[in-house]
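Participant: Residue numbers (the working numbering), protein chains in the order written: chain A, 25 to 573; chain R, 301 to 439.
These aren't lab readings, by the way, just hints derived from the structure by calculation.
Fair warning: there could be bad hints in the mix.
[Stated by the list, open to error] Cut-off 25 Å, straight-line C-alpha distance, at most; resulting in silico cross-link-like pairs (DMTMM-like, lysine to aspartate or glutamate):
id, chain 1, residue 1, chain 2, residue 2
1, A, K494, R, D398
2, R, K405, A, D501
3, R, K405, R, E347
4, A, K200, A, E246
5, A, K209, A, E246
6, A, K209, A, D170
7, R, K405, A, E492
8, A, K329, A, E445
9, R, K407, A, D506
10, R, K432, R, D331
11, R, K382, A, D144
12, A, K516, A, E166
13, A, K116, A, D170
14, A, K494, R, E399
15, A, K335, A, D77
16, A, K526, A, D144
17, A, K486, A, D359
18, A, K27, A, E60
19, R, K405, A, E490
20, A, K486, R, D398
21, R, K432, R, E406
22, A, K116, A, D506
23, A, K176, A, E199
24, A, K231, A, E571
25, A, K486, R, D420
26, R, K405, A, E491
27, A, K494, R, E406
28, R, K405, A, E387
29, A, K432, A, D76
30, A, K494, A, E387
31, R, K407, A, D501
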Amino acid sequence: MTKSPDFLNWQENELHKSISRFPERKEKFTNHGGGEINRLYIPEHIDDHYTDDIGFPGRYPFTRGVQPSMYRGRLWTMRQYAGFSTAAESNKRFRYLLDHGTTGLSIAFDLPTQIGYDSDHSMSTGEVGKVGVAIDSLADMETLFDAIPLDKVSTSMTINSPAAMLLAMYVAVAEKQGASADKIKGTIQNDILKEYVARGTYIFPPKPSLRLITNIFQWCGEQTPSFNTISISGYHIREAGSTAVQEVAFTLANGITYVQAALDAGLELDHFARRLSFFFNASSDLLEEVAKYRAARRLWARIMKVRFGAKNPTSWMLRFHTQTAGSSLAAQQIDNNIVRVTIQALAAVLGGTQSLHTNSRDEALSLPTEESVRTALRTQQVIAHESGVAETVDPLAGSYYVEQLTNKIEQEASALISKIEDNGGVVRCIEEGFIQRQIENSAYEYQQEIERGERIIVGVNKFEIEEETKPPLLRVDPRVEDDQVARLREVKANRNSDQVEKCLNTLKAAATGDTNLMPPIIAAVKEYATLGEICDVLRSVFGEYREGC
Amino acid sequence: MSNTTYRVLIGKPGLDGHDRGAKFIARALRDNGFEVIYTGIRRSPEEIAAAAVQEDVAAVGLSSLSGAHIRLFPAVVECLRKAGAGDIPVIGGGVIPDEDITLLKEKGVEAIFTPGTPVDQIIAAFTAACSKHHETRNA
Numbered sequence: 025m026t027k028s029p030d031f032l033n034w035q036e037n038e039l040h041k042s043i044s045r046f047p048e049r050k051e052k053f054t055n056h057g058g059g060e061i062n063r064l065y066i067p068e069h070i071d072d073h074y075t076d077d078i079g080f081p082g083r084y085p086f087t088r089g090v091q092p093s094m095y096r097g098r099l100w101t102m103r104q105y106a107g108f109s110t111a112a113e114s115n116k117r118f119r120y121l122l123d124h125g126t127t128g129l130s131i132a133f134d135l136p137t138q139i140g141y142d143s144d145h146s147m148s149t150g151e152v153g154k155v156g157v158a159i160d161s162l163a164d165m166e167t168l169f170d171a172i173p174l175d176k177v178s179t180s181m182t183i184n185s186p187a188a189m190l191l192a193m194y195v196a197v198a199e200k201q202g203a204s205a206d207k208i209k210g211t212i213q214n215d216i217l218k219e220y221v222a223r224g225t226y227i228f229p230p231k232p233s234l235r236l237i238t239n240i241f242q243w244c245g246e247q248t249p250s251f252n253t254i255s256i257s258g259y260h261i262r263e264a265g266s267t268a269v270q271e272v273a274f275t276l277a278n279g280i281t282y283v284q285a286a287l288d289a290g291l292e293l294d295h296f297a298r299r300l301s302f303f304f305n306a307s308s309d310l311l312e313e314v315a316k317y318r319a320a321r322r323l324w325a326r327i328m329k330v331r332f333g334a335k336n337p338t339s340w341m342l343r344f345h346t347q348t349a350g351s352s353l354a355a356q357q358i359d360n361n362i363v364r365v366t367i368q369a370l371a372a373v374l375g376g377t378q379s380l381h382t383n384s385r386d387e388a389l390s391l392p393t394e395e396s397v398r399t400a401l402r403t404q405q406v407i408a409h410e411s412g413v414a415e416t417v418d419p420l421a422g423s424y425y426v427e428q429l430t431n432k433i434e435q436e437a438s439a440l441i442s443k444i445e446d447n448g449g450v451v452r453c454i455e456e457g458f459i460q461r462q463i464e465n466s467a468y469e470y471q472q473e474i475e476r477g478e479r480i481i482v483g484v485n486k487f488e489i490e491e492e493t494k495p496p497l498l499r500v501d502p503r504v505e506d507d508q509v510a511r512l513r514e515v516k517a518n519r520n521s522d523q524v525e526k527c528l529n530t531l532k533a534a535a536t537g538d539t540n541l542m543p544p545i546i547a548a549v550k551e552y553a554t555l556g557e558i559c560d561v562l563r564s565v566f567g568e569y570r571e572g573c
Numbered sequence: 301m302s303n304t305t306y307r308v309l310i311g312k313p314g315l316d317g318h319d320r321g322a323k324f325i326a327r328a329l330r331d332n333g334f335e336v337i338y339t340g341i342r343r344s345p346e347e348i349a350a351a352a353v354q355e356d357v358a359a360v361g362l363s364s365l366s367g368a369h370i371r372l373f374p375a376v377v378e379c380l381r382k383a384g385a386g387d388i389p390v391i392g393g394g395v396i397p398d399e400d401i402t403l404l405k406e407k408g409v410e411a412i413f414t415p416g417t418p419v420d421q422i423i424a425a426f427t428a429a430c431s432k433h434h435e436t437r438n439a
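Only chain A is shown next, with the shape it has when bound in the complex (with noise of 0.2 Å):
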């Protein structure tokens, strides 16, 4: 890069003066990761061409947003994550939310259901409500919803090897209501390679896991056309301990695996690409973060466009939904989470999210109390109307060092991207452990510059001070296992169970077969078979993923 004489000069003059009588705070700064922060930057630092890396948003490559106008159009969707003990208690809440002024839901899960172990499997001892709601079977799910109308809200699932079944049961619930299924709205996460490496909630192996995939992309692209079939996920990577690049290098390596895996099914590209969305994390580090969303966007385009061909405009947006890092949050002095989760939420809007989940100052000691979420929704809502960034787009475009960390974001994470697909594509990276270790590694370090006290956390490695009061936590009743598991045995009891035999059966045909396994999956969770009983059959057919340690 060739630099101006001015710049020269002023290195030589102002800037050599003023570090000779004051010296730096540091020799090195860099991002997590490593990656060097000059101390300015400068027009030659982003040798772009406008119209074709920056452009204008609503058109490709679409690193100013995928709207032409826009949060001035409508807000991002408020989408709070919820959901814990029973179906009644998470309905409770869905309906709190909704008061109080959320736009959509999104449903957290209890670890059972998500790895499609019934509440009375030995497994989900100590797990049943916990971190989710629990989910059985379709009577469940008719309390989850109970006076929720399906057709004017929009639902986020956050369910992925079982997304198929639950997806059955939403649908089923929606059409009591009288909903039909191309009315609904919403998101089922269902992005399973990100579990083999992060998140850990895999029931079988890669290749039927990614049949289940596009079995739903194709009955999805049939039946619920405003149904997001898929939230392609860089979020639990980047809790995990990865990089920003690395997040947006191993989210966007999925997605391709999930566009190929498609067409190799025989699926039309610009039929299901444009349902496809993205699920991204929201770090502290601001300007690192906006720039990420942006490089995403642009290379997501690019991958589309001219990789695999599609020709729809829509094919080569990437929208997605954000959430503020939960492993940022401190145990210590919590209100400072909520500064935190300021932060990031704002990076999340200048980065132009689709959604967006705050998390509560609380979480980083339990479930958060009704008081802490009614916190987070109300940082949102001060950054929506009282901020003013949402005035304007991509308000940060031009900024010299944004415009140099998009392009940096861009390029390194393509680079790691390129070297996945030498290594024989995401399925053999994740197999031999290669995506797990890059992971580690950055996980490592980072905590390491804690430990040495390189990198400074507010109030835990430094600013520390003696706590004696402690916020009340919201506890999950212990008892809620045991009144699960009684429920699911009333609905057993209840059931035709020759019915639900027969359908279980005839599910087991297709399995072993090649046709798409939404209908007989719904078949059977509308006659009450359970989660557990229509995972079980698969894993006869399909076997289970244990990882290699």
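Once you've looked at the hints, dock chain R against the given chain A.
Facilitator: Just chain R now, kept in the frame of chain A:
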């Protein structure tokens, strides 16, 4: 450190897949001279206790971030006891409210560490637990 190399097991009981903390502790212990076996995620208390006995470890570290600690940590202690290895100390970590810490200690968990604890403190606890176990066995 003494010249004894302590062997420890880090386990993830239950269904929680968040193992960033467990992996960090495993690696930090390794860097401090311990021999570490990590079970991987989603293990039952029985599996963890069996592995601890089979590998003849001097301490077990457990991590859970899902709230299931209250059932699962004591279950591991119990399984170790049943296997005749009740002298292997169990240390726990995760998102664990204060009031649960007392309860877990009553049920035989040696120590509990929550988010933000400096790693040196955790390593010191493992060293102390292992050396106590070593002395008991050789007494």
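Participant: Kindly indicate which numbered hints from before are broken by the structure, ordering the numbers from low to high.
Facilitator: Violated hints: none at all, because every hint is consistent with the structure.
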